[in-house]
Amino acid sequence: MSTPQETVERALALSEADDCIVIVDEGSTANLRFAGNTLTTNGVARSSQLTVISVSGQGVGVVSRAAVRPDQLAEVVAAADAAARDAQPSDDARPLAEGTAMDGWDREVEPTSIDVFRDFAPALGESFASAEASGRKLYGFAEHIMTSTFVGSSTGLRLRHDQPTGRLELNAKSADMSRSAWTGVATRDFVDVDVAALDASLAQRLEWSKRRVDLEAGRYETILPPTAVADLMIYLYWTAGARDAADGRTVFSRTGGGTRVGERLSPVPVRLYSDPAYPGIECSPFVIAHASSREQSVFDNGVRLGATDWIADGTLRNLLQTRHSAELTGLAATPQIDNLIMTGPEGGRSLEEMVASTERGLLLTCLWYIREVDPQTLLLTGLTRDGVYLVENGEVVGEVNNFRFNESPVDLLGRVTEVGASAQTLPREWNDYFTRTVMPAMRVPDFNMSTVSQAN
Amino acid sequence: MRQIDPDFLALPLRRLADAALQRARDLGVEHAAFRLERVRAETLRLFDAGLEGSMDADDLGFAVRVIKDGTWGFASGIELTPEAAARAAEEAVRVAAVSAPINREPVELSPEPVYSDVTWVSAYDVDPFDVPLRDKVALLSEWSSNMLGAVDHVSASLMQVKEQKFYADTAGTVTTQQRVRVHPVLTAMKTDGDRFDDMRTLAPPVGRGYEYLTGTGWDFPAEIAEIPDLLAEKLKAPSVDAGAYDLVVHPSNLWLTIHESIGHATELDRALGYEAAYAGTSFATFDKLGALHYGSPVMNVTGDRTAEHGLATVGWDDEGVAGQSFDIVSDGTLVGYQLDRRMALMKGFGRSNGCAFADSPGHVPIQRMANVSLRPAEDGPSTDELISRVERGIYILGDKSWSIDMQRYNFQFTGQRFYKIENGRLAGQLRDVAYQATTTDFWRSMEAVGGRQTYVLGGAFNCGKGQPGQVAPVSHGAPSALFRGVRILNTVQEGGK
Numbered sequence: 001m002s003t004p005q006e007t008v009e010r011a012l013a014l015s016e017a018d019d020c021i022v023i024v025d026e027g028s029t030a031n032l033r034f035a036g037n038t039l040t041t042n043g044v045a046r047s048s049q050l051t052v053i054s055v056s057g058q059g060v061g062v063v064s065r066a067a068v069r070p071d072q073l074a075e076v077v078a079a080a081d082a083a084a085r086d087a088q089p090s091d092d093a094r095p096l097a098e099g100t101a102m103d104g105w106d107r108e109v110e111p112t113s114i115d116v117f118r119d120f121a122p123a124l125g126e127s128f129a130s131a132e133a134s135g136r137k138l139y140g141f142a143e144h145i146m147t148s149t150f151v152g153s154s155t156g157l158r159l160r161h162d163q164p165t166g167r168l169e170l171n172a173k174s175a176d177m178s179r180s181a182w183t184g185v186a187t188r189d190f191v192d193v194d195v196a197a198l199d200a201s202l203a204q205r206l207e208w209s210k211r212r213v214d215l216e217a218g219r220y221e222t223i224l225p226p227t228a229v230a231d232l233m234i235y236l237y238w239t240a241g242a243r244d245a246a247d248g249r250t251v252f253s254r255t256g257g258g259t260r261v262g263e264r265l266s267p268v269p270v271r272l273y274s275d276p277a278y279p280g281i282e283c284s285p286f287v288i289a290h291a292s293s294r295e296q297s298v299f300d301n302g303v304r305l306g307a308t309d310w311i312a313d314g315t316l317r318n319l320l321q322t323r324h325s326a327e328l329t330g331l332a333a334t335p336q337i338d339n340l341i342m343t344g345p346e347g348g349r350s351l352e353e354m355v356a357s358t359e360r361g362l363l364l365t366c367l368w369y370i371r372e373v374d375p376q377t378l379l380l381t382g383l384t385r386d387g388v389y390l391v392e393n394g395e396v397v398g399e400v401n402n403f404r405f406n407e408s409p410v411d412l413l414g415r416v417t418e419v420g421a422s423a424q425t426l427p428r429e430w431n432d433y434f435t436r437t438v439m440p441a442m443r444v445p446d447f448n449m450s451t452v453s454q455a456n
Numbered sequence: 001m002r003q004i005d006p007d008f009l010a011l012p013l014r015r016l017a018d019a020a021l022q023r024a025r026d027l028g029v030e031h032a033a034f035r036l037e038r039v040r041a042e043t044l045r046l047f048d049a050g051l052e053g054s055m056d057a058d059d060l061g062f063a064v065r066v067i068k069d070g071t072w073g074f075a076s077g078i079e080l081t082p083e084a085a086a087r088a089a090e091e092a093v094r095v096a097a098v099s100a101p102i103n104r105e106p107v108e109l110s111p112e113p114v115y116s117d118v119t120w121v122s123a124y125d126v127d128p129f130d131v132p133l134r135d136k137v138a139l140l141s142e143w144s145s146n147m148l149g150a151v152d153h154v155s156a157s158l159m160q161v162k163e164q165k166f167y168a169d170t171a172g173t174v175t176t177q178q179r180v181r182v183h184p185v186l187t188a189m190k191t192d193g194d195r196f197d198d199m200r201t202l203a204p205p206v207g208r209g210y211e212y213l214t215g216t217g218w219d220f221p222a223e224i225a226e227i228p229d230l231l232a233e234k235l236k237a238p239s240v241d242a243g244a245y246d247l248v249v250h251p252s253n254l255w256l257t258i259h260e261s262i263g264h265a266t267e268l269d270r271a272l273g274y275e276a277a278y279a280g281t282s283f284a285t286f287d288k289l290g291a292l293h294y295g296s297p298v299m300n301v302t303g304d305r306t307a308e309h310g311l312a313t314v315g316w317d318d319e320g321v322a323g324q325s326f327d328i329v330s331d332g333t334l335v336g337y338q339l340d341r342r343m344a345l346m347k348g349f350g351r352s353n354g355c356a357f358a359d360s361p362g363h364v365p366i367q368r369m370a371n372v373s374l375r376p377a378e379d380g381p382s383t384d385e386l387i388s389r390v391e392r393g394i395y396i397l398g399d400k401s402w403s404i405d406m407q408r409y410n411f412q413f414t415g416q417r418f419y420k421i422e423n424g425r426l427a428g429q430l431r432d433v434a435y436q437a438t439t440t441d442f443w444r445s446m447e448a449v450g451g452r453q454t455y456v457l458g459g460a461f462n463c464g465k466g467q468p469g470q471v472a473p474v475s476h477g478a479p480s481a482l483f484r485g486v487r488i489l490n491t492v493q494e495g496g497k
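Protein chains in written order, with full-length UniProt numbering: chain A, 1 to 456; chain B, 1 to 497.
Don't read these hints as lab results, they were simulated from the structure. A quick note: this is a predicted structure, and the numbers were derived from the prediction, not measured. C-beta: ideal position from N, C-alpha, C; glycine also. Any given hint could be a false lead.
As the list claims (entries may be wrong) - Incomplete in silico selection of chain A near chain B, CB under 7 Å: (1) Ser47; (2) Val63; (3) Ile114; (4) Arg158; (5) His161; (6) Glu169; (7) Gln376; (8) Arg385; (9) Asn406; (10) Ala455.
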């Protein structure tokens, strides 16, 4: 097998198209999955994906193949070149970004391995023993992924990005499965994961759950913890495409045409933004696009990404744009970035302080099975999961039944009464796709719990 | 019948399997399985009849799974050499060793006959990867153009997958399989004043080839011709009054309700808690087998991996178990689960019913869904006859939004089209409809199922489950069915408007 850098150079040299972009993704993963205080599945895997994007006039051809041997390279490049020659003109065709080799381009790929869990696995085993002795059962998943992406172009780009992604989900249940608590952390290397401390926090929540209070469906003052806010804001972010908004299809469409950019969405000066350099959740500082869609363009590969406000001072500032859609909408070209940060006013309180100042309300653990009901209002439905706690006079007094909710995150921004301090959090629902978030807790005075769920 | 592609058979399948399995035996495993896969997927998307993007990608690699001292170990590789296969076997054994401190339940598998060098190919006529991209774009563009003018925008997409698998294990089973699936979708969009809405084709994804787009199994031109008028009517339709209604549900909607509230609820790994931290568990716990009153007496549900054109149909699963058909709900009572070999032995079923599947060479096989289908009634009623039995109700077609809780109790679904039923007749479309229910309440409210003439095989390419996340294709057959007294929400009111 060739090195990814050699593959990029050879593929670019082989292409006879007007322009060419070559992306090589070298991936490695290691994972452990467990249930009921025992291992269920595990594994390590490697992957290598070559994507050749050939440009002929305004036509583009994209061919992506796994595990390509050096003797197969010419065939893949020829297929992409032929597809480009055969293609209709692409609306998003633009001159490719230009550049040179970045520092570190030539470094070897450093894959992850099962050894990333060398300290974590025994610690988890100790937590299993401790949980078993205390009548708890632990469930969850630990995964570490290392992806090295190499982007080269006929216009001189030689960019690479090494992305470590780690996550641990830990779920504790009582022996009879009637009580459940969850926590999760995002990590770059598992060195900072204290599984015993996480298990201890779950044990406390299971204690809270011993007193059960049944509540009817209805609107309740609700404290959404950072993980729940992350899941709602990620959905908002994913549906913030400028073209769909301009076409009148989304909650960000302005009545009568155009988008709602510039419109105030929240009375609270919240800021929702992305920043590739944000400490602890660093992500690619340039566009990596394997295929064109309404929110990304292969022609934008290599375009530099900087801190971008989506919402600032409570006002919608930007939508997800390609260079092409930015021209269509007359707005700034602001491509999607792989992290998301939300902050409220200075001096935001911790989740514990927010609970302590609550006269009567619900404290959620997380949200689950979130799906869109109405794109024009961004009405979402989903469930509460793994602990809904009743707070009275500043203290958790028991666990409430689960609910199905129907709410729009955009509408929630307009009704939020408190935004807490922000901290890194793992989204419960969307962490298969999006792990890099910093979010606050939010207080909503009238969260719509549409019906009671019997699930526990 | 189609044959397995020669270029897949030309890969060093047996040499790699022999190297991996021999190395695993040398290291003292109790069991080892080798799987080499190539999954090719092409997706193209058009907007307003112009190509927006296309991607032709494949995934190629192999996996070795072992049981060593009662603990699973798994490793995959991408370099197709005997040396790399042997190294993967060694790595799988090492993964088992690192994992041993957290394994408290020794792994054993249910017995299965040995299948020596058998092959299977799904039922299709035209390999979609043999059709030039420009021809596919031209067809979708023509269909899109036929709607433009009457609607504001049209999006179109076509997903095509060819999955090739070679499997060999230390018991001596060797299988080689190839299957093809396609999913064309067209969505029309239109604004009427301040109202925006869309409507898409009801054509389900199928285990067929490109012939599905050219007249076999579905009449796309006829369906597309109806959509602009149907969408215009929907835009002018009144908003539903929330409350309890009788429902006649078309299979294009009911397949998804079956998937979520029966298919997932009767996966034994969920019932046993293996998915408890992620996809969730099931209200249909193992102690309820043979006793749970799941639905009304007209409810009969089967699982199968044998239905022609079914998306979950295979010859053998990813543990070397032959595809089978089995009962899940009989006359309204829970009588079966979907199994893999470990769970089948653990819970005394004797034999797995063949529901292990891995979506790529980099993933372990887990218990995935068979084609779980609601049986039609012999000589049962037509959809019109079902509608005629309803005084005040709603007729629902097509799927859209869906959500269900982590024990498969509480669900909420919307759809593509909703018709008011008044005194046994359709009385125009409605808007803003969602139905919400508890699984057993819903299925117990099913008064009648339609006959074979109402039966359609629906499904999806992308059922998600497991960690790391895996997607699986699955079909669900259903007749039209009549339900009494189901809660209907007005989705605009739910949004507080």
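Consistency of the hints with the structure:
For A:Ser47, the interface hint holds, since its Cβ comes within 7 Å of a Cβ in chain B; the closest pair sits about 6 Å apart. Given the 7 Å rule on beta carbons, the hint for A:Val63 holds: about 5 Å separates it from the nearest Cβ of chain B. Checking A:Ile114 against chain B by beta carbon gives a least distance of about 5 Å; that is within 7 Å, so the hint holds. With its C-beta approaching chain B no nearer than about 23 Å, A:Arg158 sits outside the 7 Å limit, and its interface hint is violated.
About 20 Å separates the beta-carbon of A:His161 from the nearest beta-carbon of chain B, more than 7 Å, and the hint is not met. For A:Glu169, the suggested interface contact is upheld, since its CB lies about 6 Å from the closest CB of chain B, less than 7 Å. For A:Gln376, the interface hint holds, since its Cβ comes within 7 Å of a Cβ in chain B; the closest pair sits about 6 Å apart. The interface hint given for A:Arg385 holds, since its Cβ lies 6 Å from the closest Cβ of chain B, which is under the 7 Å cut-off.
For the restraint placing A:Asn406 at the interface with chain B, the shortest Cβ-Cβ distance is roughly 4 Å, inside the 7 Å limit, so the hint holds. For A:Ala455, the interface hint holds, the least distance from its beta-carbon to any beta-carbon of chain B being 4 Å, beneath 7 Å.
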